[in-house]
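Taken in order, these protein sequences are the chains called A and B.
Numbers 894 to 1210, taken from this note's numbering, label the letters of the first sequence in order.
Numbers 25 to 313, taken from this note's numbering, label the letters of the second sequence in order.
Don't take every hint at face value.
Claimed, not checked - Okay, the calculated bits of chain B under chain A, using three or more residues with CB under 8 Å as the criterion:
1. 47-60
2. 138-147
3. 247-256
4. 294-306
Simulated from the structure, these hints should not be mistaken for lab results.
As the structure is a computational prediction, the values presented were derived from the model and not from experiment.
All C-beta atoms in this analysis are idealised placements derived from N, C-alpha and C, irrespective of residue type, glycine included.
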Amino acid sequence: MNSTLNRQIANALIWALLLTMPYWIGFVGGYTSLASRVVVLALAAMSLNFLLGFTGVLSFGHAAYFGIGAYGVGMTIKYLAPSTPLGILVGMGVAAAAAAIIGTLIVRLRSVYFAMVTIAFGQVFYFIAYRWNAVTGGDDGLSGWRTLPLDFGIGKLDIAGQPLTFYYFVLALFAVAVGIMALLLRSPFGRTLLAIRENERRARFLGIPVEQHIWMSWLISCVFVSLAGTLYALLNNFADPHDLRWDQSGDFVIMAVLGGMRSFWGPLIGAAIFVVLQDYISSQTENWMSFIGLFFVLIVLFFPRGVVGLLRRKAAS
Amino acid sequence: MTQLILFNVFNGLIIGAFYALMALGLSMILNLSGVINFAHGGFLAIGAYLAYSLTPYIGFWGALAVAPILTAIIGLLVERVLIRRLYGRDPLYSLLLTFGLAFMIEDGTRYLWGPETLPFTIPDWLASPLSSDFFFLTGYRVFMVVLVLVTVGALFLVLNRTRLGIRIRAGSDDLETVSVLGVNVRILRNLNFGLGIYLAGLAGVLAAGMLGLQPTIGNELIMPSFVAIIVGGLGSLPGTLLGGLLIGVASGVTAVFFPSASEAVIYVMMGLVLLIRPRGLLGEEGRVL
Chain A
894 MNSTLNRQIA NALIWALLLT MPYWIGFVGG YTSLASRVVV LALAAMSLNF LLGFTGVLSF
954 GHAAYFGIGA YGVGMTIKYL APSTPLGILV GMGVAAAAAA IIGTLIVRLR SVYFAMVTIA
1014 FGQVFYFIAY RWNAVTGGDD GLSGWRTLPL DFGIGKLDIA GQPLTFYYFV LALFAVAVGI
1074 MALLLRSPFG RTLLAIRENE RRARFLGIPV EQHIWMSWLI SCVFVSLAGT LYALLNNFAD
1134 PHDLRWDQSG DFVIMAVLGG MRSFWGPLIG AAIFVVLQDY ISSQTENWMS FIGLFFVLIV
1194 LFFPRGVVGL LRRKAAS
Chain B
25 MTQLILFNVF NGLIIGAFYA LMALGLSMIL NLSGVINFAH GGFLAIGAYL AYSLTPYIGF
85 WGALAVAPIL TAIIGLLVER VLIRRLYGRD PLYSLLLTFG LAFMIEDGTR YLWGPETLPF
145 TIPDWLASPL SSDFFFLTGY RVFMVVLVLV TVGALFLVLN RTRLGIRIRA GSDDLETVSV
205 LGVNVRILRN LNFGLGIYLA GLAGVLAAGM LGLQPTIGNE LIMPSFVAII VGGLGSLPGT
265 LLGGLLIGVA SGVTAVFFPS ASEAVIYVMM GLVLLIRPRG LLGEEGRVL
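Just chain B, with the same shape it has in the complex (with noise of 0.2 Å):
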């Protein structure tokens, strides 16, 4: 009972990484630009397409390199082209357009790849367990939650240090100010879309590894990031890590119990928190309303 419960959590803990992986971006673009990103899972699923489609000329190692890269790259031209139109306009409208594009993407990949789940392979020395005791504690799990923590650990030093960081999070609060200070708005909204693409493009990869390849890969994962935003807190990065991390323990020790309300359980999650701290976990009082 005991493995079983450390396997679930263990489990939830990986899936709440992708999770956080994906309500980072999505905050990101969010609180500095307003607009929900509807198409992030389908970046995600670009960025595991790319990857299986490089691998067989630069491995693994290479496409885990470039394909969140290049997804990074598709993301930067769709702000540019699109997104950017509808700033300082209802958010209605970036909401419909980033749904609509997240239907063409789905569509596009089915179209280009074929609508069959695709074996996504990594190195061997990977596949295998860590210890014949914990079955379940593959290599490749582990690396991903490394991964994972050292990609994060990596963007809040780049938030908290660099001057793009900085300058993204002080937008983030006040936009008007920050542009009236001399910062290009443009450039910098552009390349805080790209950044959020590139962590939806990396979640894509690691998850093709995991699960395989589907064109509708990144639909399940958007909803719960979606959930781990608000649980975490409006406005708030930290929090969405930690939305995330809770809302996929929370789903993986559900599942021991009570499988079939695994996915459900993250909703109710979200509805308390709605009644007993609107703003989140850890949100700024005050983004609410």
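Same shape as in the complex, but just chain A (with noise of 0.2 Å):
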């Protein structure tokens, strides 16, 4: 009892905070477009954690949809019709494409392997970025286009204008596929997922059958990810082969890891920190790939449980 009480306190607490953050971020050197950037690769960071923290599979190749997203949105946008939303829903579609086929590919393969195979085939979508120039810009990124007002037919909300609008804009989405993640999690299909986390062969011996399950979460992962990736490209106005490469994966992972993989508002006190952290170093150095590089590995070896898994240890002592 004490437990659900507290976790309602917790909630409340964070989407307090998230939906005054515009107000607040200021007074701790922050400004709009970085909560928004918060925002976005938490999200990103969360729907990653669905598959490392809720199912126990680890992927290392999570940047590839992300990317795909962020051209899927931007390519819609420049070549096929001008609109927000279809933009992110063909980001989003032809990154469940291509996570259903290589879903079905991986499946099988666990732990390390399951890693090593993610990330190699995170770089098809890297080289087709990097390589295809007339389309998607090669190197430079696709640029040329921007974000457009939503239409809803009675009037128009333009959210590129005004950070602060697309602030809640990128708020709204990311409860949506929050809240959804959070039902999905509660539910049948979740329990199995933790089943599955917890002891593979005892949940194959129960009947339960693994493979389709550890596919549903992975393209459950994916997608909500791609969403990350188109809401990235239409704050940035601007999609980077970066964004696919396996460096953006390492990022998100070490985000859930950060705030901590075993809770579900970990990975997005991970991104916080990374965010914040990356932006505030990589004004101050030119070396900030050592001190990323350094985080990362002390990090692992002094603070492997994250902020959460700190704060429950706390609390249980």
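Hey, can you piece these two chains together into the complex? The hints should help.
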């Protein structure tokens, strides 16, 4: 009883902080676009964690689907039709198709091998974006398009003009995506995923079709990551081949670990810390890569349970 | 046309030899310790840059002999100080740690030696073509292929004939039993890691002679090495060797007909292998699940 109450208080607190973030982030040295970036990358990290933390499957190639989302929305607006919602849907659809195909190839692999194959497959999309110069802009990225106002028939909402409007647009989609994931995790399907994480062999003996469940979890995770990718491109009015690369995948994983993989909100905290820190370090020094690398090493050695893990342990003792 | 295809097949073989050298080291570490060493490309760069700095003092041959050994010593230290702590924990952590290391090494080499491409001089007689008909067949390229073959031969000799090698192979199959039989597993894993890093360092020196030096020199080789391991078969070193050469030649031949797909083709091969034969060409049954 007490723990559910605590959880409700924590939920309320998190939503209150998210809803008011543009108004207080200035006091801690941030700006509204940074707040949007935190929310977008938090969505990516939380989607990854659906697979990583709640199904126990180690994917290191989620940047590919993030990037497909980003290029999907950019290319739709640039070449197909001038509509932001259509672009988001196309980005998510293409990512879902790619994830469905690759998912069938990899569901039988486990742990390090799963990680290795997901990284390697991720590179295919990087090479496509990098090499297909005429369409994707190659190394320079996809520019020459911009986020278009939402057209509701009765009136238009210009989400791109004001960073504040865009923040709430992002937050609304974040809420929908995160809500769906939370509901899924509470459903029998989500409980089955937890069972697979805890003991795959036992789950298999109970007659659970493990491969199908992992495939579904992978697909859900990839689709929500691609939503984050579309929002990231809309935020920047730009799609970067770097969005697809393996170092981006590593960033998502470290966000999830830093916040706490075993917790639903953990990756949000991890993403917030990571984004703010990266923003700060890259403005201070040219050797930011060393610092980010060192950051990875230190987290693994001294902080493997993440922020939420640490808080829980404190609360328990 | 024949010459063009021959040129690209040979080119692919050289690239494949690099992939194989990298992938063998990665595969050894993965099999015995369950660690994907993301920093393997970084160690390759360390080998290359050490050779660059040593050449003025001890010449090309001296550097070729010494730089990989120094790289291996760095590898032994890294295993001893950092990676050893993560054995037996979720493989996620060793992945993240070596990932961070890769960042630090890349940035470190950039800081120490600068971001520009540095030339790496090889002996004149190695740099000239062997015959005018086959202009692409420079002595250095032939030398590289031969050296890789000799190294791989020596590696398999070590693994099959020496006590250390037999223990490494036994440990890759069943580490617990090997430990119970009185082998010091900590030292075994340490030496195994060093051996893998030695191969990366050697690949680095050779790559420097062909491509010149850049802090990112290892990055282009690490992903294909993963593919080589998967195509060749998990847990099988001969498979890794075969996989490396195969994807090298495949990307070389693709470069003739469809140059922009020369990188993507190896991933298509990986997809096909996973679809038709998930354990890889020479992989052992049951490694996958």
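Report task. Identify every previously stated hint that the structure contradicts and give their numbers, smallest first. Result -> 2
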